[in-house]
Structure formats: C-alpha cells, structure tokens
Amino acid sequence: MRFLRIAAALAAAAILAGCATQRAPSPRDPLEPMNRAVFEFNDAADRAVFKPVAQGYRAVLPDVVRAGVRNFFSNLRDPWIAVNQLLQGKIELALSDSWRFIVNTTFGIGGVFDVAADMRLPKHNEDFGQTLAVWGLGDGPYLVIPIWGPSTARDGVGLVADAYAYLPWWIPDWLDLEHRVAWQNSLSALDFVNIRANLLDATNILEEAALDRYAFVRDAYFQRRRNLIYDGNPPPEPDADKASAAPRRLETESARESAPFAPAAGTETAPPAASGPQSDAAQVVDPKVPANYSAVLSAGSARVAAAR
Amino acid sequence: MRRLLIPLAFLAALPLAPAIAQNAQAPDALVKEVTQDVIEIIKQDKDIQSGNTRKTVALVEEKVLPHFNFTRMTALAMGINWRKATPDQQKLLVDQFRTLLVRTYSTALTAYRNQTIEFKPLRAPVDADVVVRSEVRQSGTEPVSIDYSMEKTSDGWKVYDVAVGGVSLVTTYRDTFANEVRSGGVEGLIKSLEGKNRQAEKKGD
Chain H
1049 MRFLRIAAAL
1059 AAAAILAGCA
1069 TQRAPSPRDP
1079 LEPMNRAVFE
1089 FNDAADRAVF
1099 KPVAQGYRAV
1109 LPDVVRAGVR
1119 NFFSNLRDPW
1129 IAVNQLLQGK
1139 IELALSDSWR
1149 FIVNTTFGIG
1159 GVFDVAADMR
1169 LPKHNEDFGQ
1179 TLAVWGLGDG
1189 PYLVIPIWGP
1199 STARDGVGLV
1209 ADAYAYLPWW
1219 IPDWLDLEHR
1229 VAWQNSLSAL
1239 DFVNIRANLL
1249 DATNILEEAA
1259 LDRYAFVRDA
1269 YFQRRRNLIY
1279 DGNPPPEPDA
1289 DKASAAPRRL
1299 ETESARESAP
1309 FAPAAGTETA
1319 PPAASGPQSD
1329 AAQVVDPKVP
1339 ANYSAVLSAG
1349 SARVAAAR
Chain B
233 MRRLLIPLAF
243 LAALPLAPAI
253 AQNAQAPDAL
263 VKEVTQDVIE
273 IIKQDKDIQS
283 GNTRKTVALV
293 EEKVLPHFNF
303 TRMTALAMGI
313 NWRKATPDQQ
323 KLLVDQFRTL
333 LVRTYSTALT
343 AYRNQTIEFK
353 PLRAPVDADV
363 VVRSEVRQSG
373 TEPVSIDYSM
383 EKTSDGWKVY
393 DVAVGGVSLV
403 TTYRDTFANE
413 VRSGGVEGLI
423 KSLEGKNRQA
433 EKKGD
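These protein sequence lines map, in sequence, to chains H and B.
Taking my numbering, the leading residue of the first sequence gets 1049, the next gets one more, and so forth.
Taking my numbering, the leading residue of the second sequence gets 233, the next gets one more, and so forth.
Only chain H is shown next, with the shape it has when bound in the complex (with noise of 0.2 Å):
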C-alpha cells in the first residue's frame, strides 16, 4: 500500500500541526490533539476526493454489479481470516472460512457470487488486530491512520500484517500478465472505492448522529473491537457506569445477578454518591482486561486440545 508511506509523511506533519486544542483527556486517547488533526484530515481528503468517487461509483453501477464486486473482494480476504482463525485456535472456523474460500471461488464465479452463504458458511470477520487481541496484547492507544481512519496501536501492526497478506499484491506467476503493477494498483483502487461506497450510508448517519464525530467513532471503535475480538459475545465491561447512572438501579442490578460474569465491581457501586470516582477508575482500571483476552486464548487452546 503506497498510500501508508505518504501517510507516515502525512502523520510526521500532523503530528506538529495538532498541538493547538486542549481537551479532557481520555485515558484510551493520550494522543488525542494528534489524532484530531489526522481525524481532520482525513475528513477533508474524504469530502474532496474519496466520497465523492464513491458516490459517482454508486450512482453509475446497478446494485447487482456492486455487490459482485463487493463479494469479489470479500471473498479474496477470506484465506486471510482463515488463517487468523486458525492462529486464534479455532479450528473449526478456520475450516469454515477455507470452505467458503474454496465454494465461493468456484461455485460463485471467482468470488462475485456469496454462495457459501446460503450453504451455512457464514462470512467472519477476522484480522491480525483480534489475533494479537487474543493473544493477550491490549489495545494500546487509540490512533487514527492517515486516509485509513481509526486503529489503535495494536490494531495498527495488525493492519500491517492484514496489508501484506491483502491478496491482489500476490497475483500469482502462472498467471503471466503483461501489466502486473497496472492490475495490482486497479484491483486495489477498486476495492478502496468499493470500501468507501459501502459506507456511504453509515457515514450519512454519522452526520446526523453525532455531537463530536471524532468521540463518537473514536467511542464507536472501542465497543466494535471488543464486540469483535470476543465474536459478539464479550463479558460483561467492568463498568458500572450504565447502572449506577440509571434511574431505576434496582432493576438493572437484578438483570446483573443473572449474568454468570457480572463484575463485582457492579455490586461494590450499590450507592449511586459512590458511582462518581467509581465509573472514572473503572476506566483507568480498563488495562486489565487484556487478562480476559489470555482467557479467551485459553479457551481457544483448550479447543484445539479437544479437537486432537
């Protein structure tokens, strides 16, 4: 990806240009005046350029011509997240995600049709980010790439090791084209496009949403990482901001009870005087939970201890 050299320039300039707001800090977000002004810039470059183009993507091609090449794309990721299923321990998914690779490329035309879909092989969403998650490493701080968006510092090496793996760089030999660089550069321009039109709709309610967008996703990317990393089914947060600060506690506080993991922490908050510095610690407590993610790790090894 050419593009990330240009954005380490880019974030080098940031970097000085970013010193002049000041705001409450967040503990998750150290680096916050640098990653406005990337979030900034990245804004621009999307309002001159990549929306606009995805936007002329969208209103020239017919639905169905998108989606193939939507599923095109999908499909060239999947070996990828076979693999990383495979380094997270989960063998049977790792299988799952090879099988589609194989039916989707076959049976659906080179990958332009999600067949397997409907053959009970259902997409995932993996990448090395999560592996390294799994693998006990925290997040990190959060960070926003220049052109790519938000990451953190894990999220970032991961994203270099998902660059590597991304399949159009490796067109094989046997193929023999005449213009190998002009059909790598168009195959990944394609996929950005792609990329950038399927958000048109979330960007959209972005704008309507949000007070502060750069909280809003910076806020939005914590949660979709943890919901991610954990396949959808993360433990309860050690957080007991959401019921102490809810006007009918005692109800909250019963639907606790009945989650096996609920942290103690939720019951140590039963004063709502005491929520205050409470919700903030449990914020810097936050670090800890990479110990959950070496039980999930466990568990997966546990799994393919089972399978052998």
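Think of the hints as simulated: they come from the structure by calculation, not from any bench.
Glycine included, C-beta positions come from ideal geometry on N, C-alpha and C.
You may find that some hints are simply not true.
Calculated pairs, EDC-like style, for lysine to aspartate or glutamate (alpha carbon to alpha carbon, straight line, at most 20 Å) [unchecked claim]:
| id | chain 1 | residue 1 | chain 2 | residue 2 |
| --- | --- | --- | --- | --- |
| 1 | B | Lys-295 | H | Asp-1221 |
| 2 | B | Lys-423 | H | Asp-1239 |
| 3 | B | Lys-352 | H | Asp-1166 |
| 4 | B | Lys-435 | H | Asp-1260 |
| 5 | B | Lys-428 | H | Asp-1166 |
A few chain B residues that don't get close to chain H, going by computed Cβ distances all over 10 Å [stated by the list, open to error]:
| id | residue |
| --- | --- |
| 6 | Glu-272 |
| 7 | Lys-278 |
| 8 | Asp-279 |
| 9 | Leu-324 |
| 10 | Arg-330 |
| 11 | Ser-377 |
| 12 | Arg-406 |
Using the hints, position chain B against chain H.
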C-alpha cells in the same frame, strides 16, 4: 473506517416498533412485529427510499417512537451528570436527544436495501429487563447483530438502548456528553444538542 462503519450501515435495519398490541406482547414478538411492519412500509414507499426525511421522520414518530423510553436513554447517556441537571433541564435534554435520535433513525431507514433480518430466540427468561437479539444479513459482509435492551413498564415493553455490532448507542454518546458537561456544564450540553438539531433541520429543508 470500514471495520467500524459497516455495522453503522445496518442502523438501517433499526425500524423498531410498530405500535400494535402493546401490554400483553412479549418483547421479542414486539420488536419483530414492529420491524416487519416498518420494513413493509419502506419497501413500498418510493419517497422514503429516495431519502425524503420528513416522511421518514413521520413514520418513525408513529411506529417506532412509542416503544422507546427516551428518559432512560438520556439518563444512561448522561451517567452521573444526570443528577446534576434540574428537572427542567432534564426535560430539555430528553427532548433534544429524542429529536437527534429520531432524525438519526430516519436517515438510517432511508438506507435500507432489502437486507434480511433474523431474530434470535430470547436467551434469558423473560424478566423485567431483557435483550432482544437480531441479526442483519447481506452478502459480502459478516452478519451484524442488532440488540435491543428492553425493560417492562406499565405501558408495555420499552427499548432503552440499541447496540449495533456491539456498539451501544447510549454508551457511544456517554463520553461526548461528559465532555460537554465538563467544559460547559449541563447548560452547555443542552446548547450543543440544540445547535446540532437546528443545524440539521436547516440542512434538511
């Protein structure tokens, strides 16, 4: 952005709640019925599909709004600051937050494009507080979950939070709200919400 925002796209499937039978209905049945009802209307309404916000807002207000507890949503998003607000301020906050959320929903609805929505059986025994889980499917992306946190009230089941792909609407607003209150007090937050709503209204007309 793609990792995060794809789930946001599925806010389109949020069409919550047609106001049919109320008290007796189980929460999962309620969400399902409302969703199907709203989707049927959208599928037939060319104006909504082409992005007529005014009409969509009307649909949301009629069908979806009655099934939300906006007071609780606002209180949850405010966290500990909720108690700092006077009753008058609380009322203003709920009003402004409701306007903001309704418009966001409406934008999401106009984005709906024939995705399949599947409902999962209720996990917990039906208590006073329950999470109704559903999943939106579209080829080329992984299924995205939409979970509705609901509570039982004398007026039937009410939604007090929605999580799309694990991203809770209420939680996502919490930091922003806390920041606004820290820098401008509760009054400052009210002003920000009003400003946002005014600006969006201008744009919509």
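Now for the hints, and whether the structure bears them out:
1. Between the alpha carbons of B/Lys-295 and H/Asp-1221 the distance comes to roughly 58 Å, so the proposed pair goes past 20 Å and is violated.
2. In summary, the hint linking B/Lys-423 to H/Asp-1239 is not supported, as the alpha carbons are separated by about 41 Å, beyond the 20 Å threshold.
3. Taking the CA atoms of B/Lys-352 and H/Asp-1166, the gap is near 18 Å; set against the 20 Å cutoff, the hint holds.
4. Proximity of B/Lys-435 to H/Asp-1260 is assessed by CA-CA distance (about 18 Å); at most 20 Å being required, the pair is judged to hold.
5. At roughly 43 Å between alpha-carbon atoms, B/Lys-428 and H/Asp-1166 are farther apart than 20 Å, so this suggested pair is violated.
6. The beta carbon of B/Glu-272 is kept farther than 10 Å from every beta carbon of chain H, the shortest such distance being approximately 20 Å.
7. Once the 10 Å rule is applied to beta carbons, B/Lys-278 is consistent with being away from chain H; the minimum gap is 16 Å.
8. Distance check for B/Asp-279 against chain H: the nearest CB is about 17 Å away, which clears 10 Å, and the non-interface claim stands.
9. Remark: the non-interface label on B/Leu-324 is consistent with the geometry, its nearest Cβ contact in chain H lying 15 Å away (cut-off 10 Å).
10. The claim that B/Arg-330 is not at the interface with chain H holds, since no C-beta of that chain comes within 10 Å of its own (minimum 13 Å).
11. For B/Ser-377, the non-interface assignment is contradicted: its Cβ lies about 6 Å from the closest Cβ of chain H, within the 10 Å cut-off.
12. Residue placement check: B/Arg-406 does not keep its beta carbon more than 10 Å from all beta carbons of chain H (closest about 7 Å).
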